[in-house]
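J.: Line order of the protein sequences matches chains A and B.
This note's numbering applies: residue 1 is where the first sequence begins, and numbers increase by one.
This note's numbering applies: residue 1 is where the second sequence begins, and numbers increase by one.
Careful, some of the hints might be misleading.
[As the list claims (entries may be wrong)] The calculated lysine-lysine pairs, modelled on DSSO-like cross-linking and capped at a C-alpha distance of 30 Å, are: (1) 60/B / 38/A; (2) 305/B / 32/B; (3) 47/A / 64/B; (4) 67/A / 211/B.
[As the list claims (entries may be wrong)] Partial selection, computed: residues in chain A whose CB lies under 7 Å from chain B: (5) 1; (6) 2; (7) 12; (8) 17; (9) 21; (10) 42; (11) 47; (12) 50.
Hints were generated in silico from the structure; no laboratory data involved.
Everything numeric in this text was worked out from a predicted model, so none of it was measured.
Where is the CB? At the ideal position from N, CA and C, for every residue including glycine.
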Amino acid sequence: MTLTEAVLLASLAMLIPAAAFTILYLKYRRVAVVEGDKHWIYACGEKWELEKMAIAPQSLFWAVWRKVFSKLYVGLMEKFHTGVLSDWLMYMIIILALAVLALALAATGG
Amino acid sequence: MYAALVALESLIYPGLLFIFFIALATQWIVRKIVARMQNRMGPAYTGPYGFLQPFADFFKLLTKEDIDVIGSAGSAVVTSLVLALGSLIALLLMLPLSPWPIYAPGDVILALYLLLWPTIAIVIAGFAVPNAFSSTGSSRLLSLVLAYEPPFIMSLLVPVVLSSRYFGTSYSIYGAALTSPNLWLRPSSAIVMALALFSAILSLQAKLMKKPFDIPEAEQEIIAGMFTEYSGPKLAYIILLHDIELSALAILIVYLFLGGPAPLPGLTGIVSVALKYFIVVLVVTWIRASAARLRVDQAIAIMWKYVLPVSIVALVASFFV
Chain A
1 MTLTEAVLLA
11 SLAMLIPAAA
21 FTILYLKYRR
31 VAVVEGDKHW
41 IYACGEKWEL
51 EKMAIAPQSL
61 FWAVWRKVFS
71 KLYVGLMEKF
81 HTGVLSDWLM
91 YMIIILALAV
101 LALALAATGG
Chain B
1 MYAALVALES
11 LIYPGLLFIF
21 FIALATQWIV
31 RKIVARMQNR
41 MGPAYTGPYG
51 FLQPFADFFK
61 LLTKEDIDVI
71 GSAGSAVVTS
81 LVLALGSLIA
91 LLLMLPLSPW
101 PIYAPGDVIL
111 ALYLLLWPTI
121 AIVIAGFAVP
131 NAFSSTGSSR
141 LLSLVLAYEP
151 PFIMSLLVPV
161 VLSSRYFGTS
171 YSIYGAALTS
181 PNLWLRPSSA
191 IVMALALFSA
201 ILSLQAKLMK
211 KPFDIPEAEQ
221 EIIAGMFTEY
231 SGPKLAYIIL
241 LHDIELSALA
251 ILIVYLFLGG
261 PAPLPGLTGI
271 VSVALKYFIV
281 VLVVTWIRAS
291 AARLRVDQAI
301 AIMWKYVLPV
311 SIVALVASFF
321 V
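Please model the entire structure based on the sequences and the hints provided.
T.: Next comes the structure, spelled out in structure tokens:
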């Protein structure tokens, strides 16, 4: 069996049970009757406007990573942010030298 | 012809019917173990020793009102959930459990792709409703994914790489599962396998969102996280997805790391697989029932400081031993 055939068979094996679950869902679910506040977003009893309900996912996601890497960031900043212009020039030259080296290695095939 | 057989086994064995029964039976075992550890009875009334309780719960939820809260994308949630359930069934068909398995050189990539579906479905479920608790849950899960997924993938690659190097299985999950018992017979590869197993079990705990990694659905902090707005049939599928994920990944670990039916020959190997499966479920449940929840930054720190380096060492070593 080739990898393409395996992918096709796996897709088949994925879609058939998925179709069976969809049929089960459509057959047995009861359509909800619209009454009271059961279609309203749960907010621990507070009345929020719909626009203010959700939080932007990207800000939540990055907030965690900012917290995780805050120590590393502060450590690096204290070490490298010297305020001396020649230090920054040295960092730039080092980064460019590494980039040239990587490009040279890639061009020559390692 | 082969496609028809694969289609048939995707519905019966080791497909839908088999894994549905195994997953809900496992849920009963887990509930009983947790209850014993907490000095409770657990399920006791529906069926003998409460065995049918998970089945009753599933069908009760399935037939309840299907409520879509305002501004939600209900059909996207159902679509992603059923595809995730299907992906785990397709994964089972790539193991020696299946009489007509799906295998090819390099199919480990396909297995890793199928393994990602449940996480994607749960993240979609959280972001599909405009609720702050759901968004927070999905956000936490996405953060955790970057912490547990690299060590989990690297641990799974260890037996695949070792089997390919020793037995020429061409980076196939099926081949690796067949030859994994032999990897424990050489001292050098046994050490690498042990490291990978340690890393796989801990990242499995995070992948399944079990304590101490149940941060995305921390009930005392964010109600039920991604699942806050779900009830009825959608909740039934979410719970079923959790259960099937536990069962499918435990079976995967049994075959890739613990040697599947070895050392028992022939049909008696079923006893060996069942025993090893129970041990994996027991370890996961034991950690779950005895550990307190971590904060998300603590969980990421643990994964990156301890579990990830172990899996990197194991993977690099697997190319040299």
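J.: All hints, please: hold or fail.
T.: For each hint, the structure was consulted:
no. : hint         : result
1   : 60/B / 38/A  : holds (19 Å)
2   : 305/B / 32/B : violated (34 Å)
3   : 47/A / 64/B  : holds (27 Å)
4   : 67/A / 211/B : holds (22 Å)
5   : 1            : holds (5 Å)
6   : 2            : holds (6 Å)
7   : 12           : holds (6 Å)
8   : 17           : holds (5 Å)
9   : 21           : holds (4 Å)
10  : 42           : holds (6 Å)
11  : 47           : violated (13 Å)
12  : 50           : holds (6 Å)
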